[in-house]
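Q: One-letter residues, chain by chain:
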Amino acid sequence: MNPEDLRYADSHEWVRVEGDVGTIGITDHAQKQLGEIVYLELPEVGHMYDAGDEFGTVESVKAVSELFTPVSGEVVAVNKGAVGEPGIINDDPFGDGWLIKLKLSTDVEIGKLMSAEAYGEYVAAEEQEK
Amino acid sequence: MSVPVPQASLRRTPLYDLHRELGAKLIDFGGWEMPVQYAGILEEHRAVRERVGLFDVSHMGEFDVTGPGALACLQRLTPNDVGALADGRIHYSAFLTEKGTFVDDLLVYRRAADSYLLVVNAGNTPKDFAWATSHAGPGANFTDRSAETALIAVQGPKSAALMARLSAPDPSDLPYYGFRETTVAGAKTLVSRTGYTGEDGFEVYCRPEDAARLFRALLSEGKPDGVAPCGLGARDTLRLEAKMALYGNDIDETVTAYEADLGWIVKPKKGDFIGRDALVAQKQAGVPRKLVGFEMVDRGIGRHGYPAKTAAGPGIVTSGTHSPTLGKPIGLALLPAAASAVGTEFSVDIRGRDAAARVVATPFYKRSQKP
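Protein chains in written order, with the working numbering: chain C, 1 to 130; chain Z, 1001 to 1371.
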């Protein structure tokens, strides 16, 4: 299930805030929708992003999806392990499959993101539309 | 991340409920709600290369062509030599425009000199039927059997053993591109030794009302073989490794048979056919561009529609994926003929980044022995 300590975006990324650093990944729902991930493109450390910017791409066998950062900040770490073995995102999307860490520009954006419960309802509503 | 959602009012095959039951992920494929995967594309791909996989391809179109003028008609409508086809045999062919480009690619099954089955791409079925009937001469009757025909592909090295256990008479002695009528799990079928995976395999045509029972029987009987239901995702990676063209990606009404490297289905010596003059002229003049296989040198996957840059001018990627068998990105591209030799380096514009790629020999994968 979706961990309670994370915040969620409607584009299916999550953010974990520790001090002024936010770790970003994609949700379990997102990895399931994508299928087996075979390729991951992430930015270099030092890149600056505004909330909503595309910061990379994730590719399954079938499709390419853009990755959007739900928060603003400077990239302070990228998960090289996931770039080398993208399948880790499928195996552990909320843990070892994290993507980048940002030094957050502001703490007000986090409050606008969804809680685990709200995200769960959002996904359920999206499924209903099918 | 954006997640595609199937639209309403899609057509469904007789196996739709079974796909749901088996946990398939369904997508819109040319207006059909089809399984893209069950367990996962990589696992399904492996099942077909190593064991046996089942595909619902009931969306494909089937036409009967019968009558005393059927042979003459098909000789005129298709570039391959139907006169050279024996009863019970199949060949790969096409409907071509006057320019020698593809209306569609298809299989021709010869039952007898006056009776044929054509199998065409799902999305092209109405267009093909209209085209064929408007070009048919006297004495050839076309009947669209698509709605009353379901189709299950049984593909992989263990497919022959599985089919043998369920069928009477046993179709496992069929030659490659041969077919016969047989009973599979009690259902009346036409079985051919064909497929779209580069692996040994069979395609089983049956009545829609028998399809689900047949699919279940194959799943159940194939359990000891490690049978897996497979979706269109694996079908695409399998066909691409075998360098089989996909209509709408690699070939369409802008690509000629020679450009598509499908000159082996063009038989100008058999007599006139639609597209012949243009193809003969193009062969004399030389093709301006050619469909080639490529591998990525830089990281990334060159996908359908991505622009290519060569020393001889622009080209375009027509298909691209991660090859599960080779563990690296592969693809097909239409490149200027002068840049189409094996070993030629070029670049693919991957969403704004120029990534190096190299023309390689195809197919990317070839099975060790044919039946």
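No lab work stands behind these hints: they were computed from the structure.
What you are looking at is a predicted structure, and each value in this text was computed from that prediction instead of being measured.
The beta-carbon is built from N, C-alpha and C at its ideal position, and this holds for glycine as well.
Mixed in with the good hints there might be a few duds.
List of simulated lysine-lysine pairs, DSS-like, C-alpha gap at most 30 Å [said to hold, decoys possible]:
{"id": "1", "chain 1": "C", "residue 1": "LYS80", "chain 2": "Z", "residue 2": "LYS1328"}
{"id": "2", "chain 1": "Z", "residue 1": "LYS1127", "chain 2": "C", "residue 2": "LYS32"}
{"id": "3", "chain 1": "Z", "residue 1": "LYS1309", "chain 2": "C", "residue 2": "LYS32"}
Residues on chain C that point at chain Z, a partial pick, calculated with CB under 8 Å [claimed, not checked]:
{"id": "4", "residue": "GLU36"}
{"id": "5", "residue": "PHE55"}
{"id": "6", "residue": "LYS62"}
{"id": "7", "residue": "VAL64"}
Q: Please go over all the hints and tell whether each is borne out by the structure.
A: For each hint, the structure was consulted:
1. C/LYS80 with Z/LYS1328: Judged against 30 Å, a Cα distance of about 18 Å means the pair holds.
2. Z/LYS1127 with C/LYS32: Given pair Z/LYS1127, C/LYS32 is violated - Cα atoms ~36 Å apart, limit 30 Å.
3. Z/LYS1309 with C/LYS32: With a Cα-Cα distance of about 35 Å, the restraint between Z/LYS1309 and C/LYS32 is violated, given a limit of 30 Å.
4. GLU36: Where the cut-off is 8 Å and the nearest Cβ of chain Z is about 5 Å from C/GLU36, the hint holds.
5. PHE55: Since the shortest Cβ distance to chain Z is 11 Å, the answer is violated.
6. LYS62: The hint holds - C/LYS62 has a Cβ within 8 Å of chain Z, the shortest such distance being about 5 Å.
7. VAL64: holds (7 Å)
Violated hints for the displayed structure, listed by number in ascending order: 2, 3, 5.
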